[in-house]
Amino acid sequence: AQKITQTQPGMFVQEKEAVTLDCTYDTSDQSYGLFWYKQPSSGEMIFLIYQGSYDEQNATEGRYSLNFQKARKSANLVISASQLGDSAMYFCAMRSGYSTLTFGKGTMLLVSP
Amino acid sequence: NAGVTQTPKFRILKIGQSMTLQCTQDMNHNYMYWYRQDPGMGLKLIYYSVGAGITDKGEVPNGYNVSRSTTEDFPLRLELAAPSQTSVYFCASSYTVGYTEAFFGQGTRLTVV
Chain A
59 AQKITQTQPG MFVQEKEAVT LDCTYDTSDQ SYGLFWYKQP SSGEMIFLIY
109 QGSYDEQNAT EGRYSLNFQK ARKSANLVIS ASQLGDSAMY FCAMRSGYST
159 LTFGKGTMLL VSP
Chain B
30 NAGVTQTPKF RILKIGQSMT LQCTQDMNHN YMYWYRQDPG MGLKLIYYSV
80 GAGITDKGEV PNGYNVSRST TEDFPLRLEL AAPSQTSVYF CASSYTVGYT
130 EAFFGQGTRL TVV
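Keeping their order, the protein sequence lines are chains A and B. For the first sequence, this note's numbering assigns the number 59 to the initial residue and increments by one for each residue that follows. For the second sequence, this note's numbering assigns the number 30 to the initial residue and increments by one for each residue that follows.
No lab work stands behind these hints, which were simulated from the structure alone. Careful: at least some of the hints might be erroneous.
[Stated by the list, open to error] Facing chain A, according to a computed beta carbon distance under 7 Å, are these residues of chain B, among others:
{"hint": "1", "residue": "Pro68"}
{"hint": "2", "residue": "Met70"}
{"hint": "3", "residue": "Gly71"}
{"hint": "4", "residue": "Leu74"}
{"hint": "5", "residue": "Ala131"}
[As the list claims (entries may be wrong)] Calculated pairs, DSSO-like style, for lysine-lysine (alpha carbon to alpha carbon, straight line, at most 27 Å):
{"hint": "6", "chain 1": "A", "residue 1": "Lys128", "chain 2": "A", "residue 2": "Lys163"}
{"hint": "7", "chain 1": "A", "residue 1": "Lys163", "chain 2": "A", "residue 2": "Lys61"}
{"hint": "8", "chain 1": "B", "residue 1": "Lys86", "chain 2": "B", "residue 2": "Lys73"}
{"hint": "9", "chain 1": "A", "residue 1": "Lys61", "chain 2": "A", "residue 2": "Lys128"}
{"hint": "10", "chain 1": "B", "residue 1": "Lys38", "chain 2": "B", "residue 2": "Lys73"}
{"hint": "11", "chain 1": "A", "residue 1": "Lys163", "chain 2": "B", "residue 2": "Lys73"}
{"hint": "12", "chain 1": "B", "residue 1": "Lys73", "chain 2": "B", "residue 2": "Lys43"}
{"hint": "13", "chain 1": "B", "residue 1": "Lys86", "chain 2": "A", "residue 2": "Lys163"}
{"hint": "14", "chain 1": "A", "residue 1": "Lys61", "chain 2": "B", "residue 2": "Lys86"}
{"hint": "15", "chain 1": "B", "residue 1": "Lys73", "chain 2": "A", "residue 2": "Lys131"}
{"hint": "16", "chain 1": "A", "residue 1": "Lys61", "chain 2": "B", "residue 2": "Lys73"}
{"hint": "17", "chain 1": "B", "residue 1": "Lys73", "chain 2": "A", "residue 2": "Lys128"}
{"hint": "18", "chain 1": "B", "residue 1": "Lys38", "chain 2": "A", "residue 2": "Lys163"}
{"hint": "19", "chain 1": "B", "residue 1": "Lys38", "chain 2": "B", "residue 2": "Lys86"}
{"hint": "20", "chain 1": "A", "residue 1": "Lys131", "chain 2": "A", "residue 2": "Lys61"}
{"hint": "21", "chain 1": "A", "residue 1": "Lys74", "chain 2": "A", "residue 2": "Lys163"}
{"hint": "22", "chain 1": "A", "residue 1": "Lys163", "chain 2": "A", "residue 2": "Lys131"}
[Stated by the list, open to error] Cβ pair distances, simulated, as ranges:
{"hint": "23", "chain 1": "A", "residue 1": "Val136", "chain 2": "B", "residue 2": "Val142", "range": "38 to 48 Å"}
{"hint": "24", "chain 1": "A", "residue 1": "Gln127", "chain 2": "B", "residue 2": "Ile41", "range": "38 to 48 Å"}
{"hint": "25", "chain 1": "B", "residue 1": "Val142", "chain 2": "A", "residue 2": "Gly120", "range": "41 to 51 Å"}
{"hint": "26", "chain 1": "B", "residue 1": "Ala31", "chain 2": "A", "residue 2": "Arg121", "range": "23 to 33 Å"}
{"hint": "27", "chain 1": "B", "residue 1": "Arg138", "chain 2": "A", "residue 2": "Asn116", "range": "31 to 41 Å"}
Given the structure is predicted, the values throughout are model-derived calculations rather than measurements. From the three backbone atoms N, C-alpha and C, an ideal C-beta is built for every residue, glycine too.
This is chain A alone, in the form it adopts within the complex:
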């Protein structure tokens, strides 16, 4: 079985600052993928970034980077230079082996001017 834990129900950050959203995972599989999704107040699910378990480099997509620490089973999302439009719910998710996509409970990020 696989499990995703997001321990921060809410995070506050000022505009232009960086913020880290925590995610830990549990799986007995050696091969897996980790994902982050953004859900703004409008409700849609927006894919942000992906990290494969065998990827040696941390994934980056524009202002988003994934701090992947395999030994600690953590996959934290780092948003650099926060913008007001980054205010949203953020979900960490994983897929391992032949399982389907499992989500954490999410972290609400609020960016203030």
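Place chain B on chain A using the hints.
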């Protein structure tokens, strides 16, 4: 490029009524999923399908049924609606069980009264 299309966007049902949530994708994805999202929570898997004619239960399948007669369509049937089924429902699709991201529909907000 339509992606994943869900209908309807909103629906109010009375207890005991039935309805079908429609989902179609035009990306030729073989994997499709139905999730529900309760307020302030992450997404829980209801059913999924790995290809036409093949479906399987997820974490919370009770009260729902699915079918997959074509690659494109994956309808979710609610029989005898109950207040506990009040939720936002998301359909998603992906290429394979491999570690590509899932693409989500816009969601259906269902209220059972």
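What are the numbers of the hints that this structure violates, sorted from low to high? Of the numbered hints given earlier, the structure breaks just one, which is hint 1.
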